[in-house]
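Novice: First residue of the sequence shown? That's 1 in the UniProt record's numbering, and the numbers climb one at a time after it.
There's no promise every hint is true.
[Unchecked claim] For lysine-lysine, the following DSBU-like pairs were computed, each having C-alpha atoms within a straight-line distance of at most 35 Å:
| # | residue 1 | residue 2 |
| --- | --- | --- |
| 1 | K549 | K563 |
| 2 | K459 | K319 |
| 3 | K426 | K461 |
| 4 | K396 | K465 |
| 5 | K505 | K549 |
| 6 | K353 | K459 |
| 7 | K353 | K142 |
| 8 | K569 | K537 |
| 9 | K563 | K537 |
| 10 | K518 | K465 |
| 11 | K307 | K319 |
Hints in this document: simulated from the structure, not taken from any laboratory.
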Amino acid sequence: MQSNIRNFSIIAHIDHGKSTIADCLLQTCGSVTQREASAQMMDTMDIEKERGITIKAQSVRLTYTKDNKEYILNLIDTPGHADFSYEVSRSLKSCEGVLLVVDASQGIQAQTIANVYIALENNLEIIPVINKIDLPAANPSKVVEEIEDVLGLDCSHVVLMSAKTGQGIDELLHNIITLIPPPTIRNSTPLKALVYDSWFDNYLGALGLIRVMEGTLKKGDIVKTMSANKAYQVLGLEYPHPISRQSTQILQSGEIGILNLGLKSVTEMAVGDTITTLENPTKEPIEGFIPAKPFVFAGIYPIDTDKFEDLRDALSKLKLNDSALHFEPESSVALGFGFRVGFLGLLHMEVVKERLEREFGLDLIASAPTVIYEVGLTDGSIVMVQNPSQLPPEQKIAFIKEPFVRATIITPSEFLGNIITLLNNKRGVQENMEYLNENRVMLTYALPSNEIIMDFYDKLKSQTKGYASFDYEPIGYREGDLIKLDVRVAGEVVDALSVIIDRSKSYERGKSLVASMKEIIPRQLFEVAIQASIGNKIIARETVKSMGKNVTAKCYGGDITRKRKLLEKQKEGKKRLKSIGKVEIPQEAFLAVLKID
1 MQSNIRNFSI IAHIDHGKST IADCLLQTCG SVTQREASAQ MMDTMDIEKE
51 RGITIKAQSV RLTYTKDNKE YILNLIDTPG HADFSYEVSR SLKSCEGVLL
101 VVDASQGIQA QTIANVYIAL ENNLEIIPVI NKIDLPAANP SKVVEEIEDV
151 LGLDCSHVVL MSAKTGQGID ELLHNIITLI PPPTIRNSTP LKALVYDSWF
201 DNYLGALGLI RVMEGTLKKG DIVKTMSANK AYQVLGLEYP HPISRQSTQI
251 LQSGEIGILN LGLKSVTEMA VGDTITTLEN PTKEPIEGFI PAKPFVFAGI
301 YPIDTDKFED LRDALSKLKL NDSALHFEPE SSVALGFGFR VGFLGLLHME
351 VVKERLEREF GLDLIASAPT VIYEVGLTDG SIVMVQNPSQ LPPEQKIAFI
401 KEPFVRATII TPSEFLGNII TLLNNKRGVQ ENMEYLNENR VMLTYALPSN
451 EIIMDFYDKL KSQTKGYASF DYEPIGYREG DLIKLDVRVA GEVVDALSVI
501 IDRSKSYERG KSLVASMKEI IPRQLFEVAI QASIGNKIIA RETVKSMGKN
551 VTAKCYGGDI TRKRKLLEKQ KEGKKRLKSI GKVEIPQEAF LAVLKID
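Sequences and hints are given; from them, build the entire structure.
Specialist: Here you go:
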């Protein structure tokens, strides 16, 4: 029976039809009836369906009969976006083969290449699938050529299909059964199971999606997680399905299933962890387990300061389902009490903020996202800084290192000049440039993470009319000439507006910051100086003029000295106000400053 199992995944760039192919497989294998079917059945969140993206990997066990033989097809769906690449790598480790889906009208994109490399590292059988061949702009033969030339894959078994109409689905199922090898069966060895996804169920607690690599797992067994070395009893085992999950008493090697240990939090069921039995444990865990590390940090504050406790509850509930989310309380003079939250990337940040607002009814303001800097001090110690306000004084700093990413950009060649200009402005270092065909170019650049977390993706899309695709992977830290830029209003530093920035860009950024603040800060009865400074050195200044009040209106007739006396008195009063006056900064100021390039 285990020789009839096929474990496979689908990898694709965003919007190339991954979820539609999954739906098509579910219906063809009779796993869901026509009545139960809906679009994007493997995507459970509203945001996923609205944006047409997969955020959380799902799995399903399908049965398919061919030549009077019943096969079990375990489809392990993966997210498509770079932010969730760790989940993709875990999912692919659970498979023996992948379907590489490419849009017939768009060809290979940046994330296609990134995911193929992960599949090749895991020695998986890759079946190329050209989807959307029914579109008027489809050019399947050109895409096949691209796959062979760029990725070096054999396309003799390529499947041409349209997941929307169901064309080519039988050929796809035939290829899955004949080309993807069955799992290696090792039932007698100690249990070794990989957790490749986990989520929180309100009734059952934290559940894990597991692939049994070796040994067998039975209901009632006492097992332990190898990273935390804690023991638990197996309360339930199920086969995954988007509509009706089926219980089982045993999972054997090669099978996938849902494991219920009655856990209170997903952090105890970490993605990438190895599960083994307590009595007869395996010696070596499955390699490659790294806890998900946040890549981008931002302050999240409630617009209504009374909602701080509600925000804390909302983040705690969201963390039950998302073990990659990190948060700790922080306060800002300007924005009040909030949380410093760590995200896997910008899409993750967007999704979390949107979920907090939607699911918990909160109005939130997010500060500018930042990355983690490695700061070497003059006494030889090293500190990691994620908030500009934590940066030590300049005289104590020996060096600052910033994280870099390797960015892969695929673009029509007509936009090449625009993109190279954009990358140079973002301090990019070119590593490679390759023409995929006469019309499309692939660029590989090393870029500082800090430069891509604000508006890089939007700029890239606008420079290329939406045609460029972008993918990135972290490549470690590099030293840079970085400084902290502060904004002072009436002599006081506004902590929420401080940024760590490259020295060459500091003057430009300082000027635009103070110019936009001048427009927003309301006029006071006294003059307000807005300054941008590096340490104690002021590099830009704007002044908000004081409100005029006509103190001489009541003074008619008589000598000019009477008017002068009143004006001098007013001048003294304004001088005194300037030293003791407080300036309230409106919240719009922070929102506007975030939009500054």
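Novice: Run every hint past the structure and note whether it holds.
Specialist: The hints, checked one at a time:
Distance restraint check for K549 and K563: the Cα-Cα separation of roughly 14 Å lies within the 35 Å cut-off, and the hinted pair is therefore satisfied. Of the supplied pair hints, the one linking K459 and K319 holds, its CA atoms being roughly 31 Å apart against a limit of 35 Å. Distance restraint check for K426 and K461: the Cα-Cα separation of roughly 15 Å lies within the 35 Å cut-off, and the hinted pair is therefore satisfied. Between the alpha carbons of K396 and K465 the distance comes to roughly 46 Å, so the proposed pair goes past 35 Å and is violated.
Between K505 and K549, the direct Cα distance comes to roughly 40 Å. Violation of the 35 Å bound is thereby established for this hinted pair. For the proposed pair K353 and K459, the alpha carbon gap of about 22 Å is at most 35 Å, so the pair holds. Restraint check for K353 and K142: the C-alpha separation of about 40 Å exceeds 35 Å, so the hint is violated. Annotation: proposed proximity of K569 to K537 holds, straight-line Cα distance about 33 Å (limit 35 Å).
Restraint check for K563 and K537: the C-alpha separation of about 40 Å exceeds 35 Å, so the hint is violated. Restraint check for K518 and K465: satisfied, since their Cα atoms lie roughly 33 Å apart, inside the 35 Å limit. A C-alpha spacing of about 18 Å is found between K307 and K319, which places the hinted pair at or below 35 Å, so the restraint holds.
In this structure, the earlier hints numbered 4, 5, 7 and 9 are contradicted, and the remaining ones agree with it.
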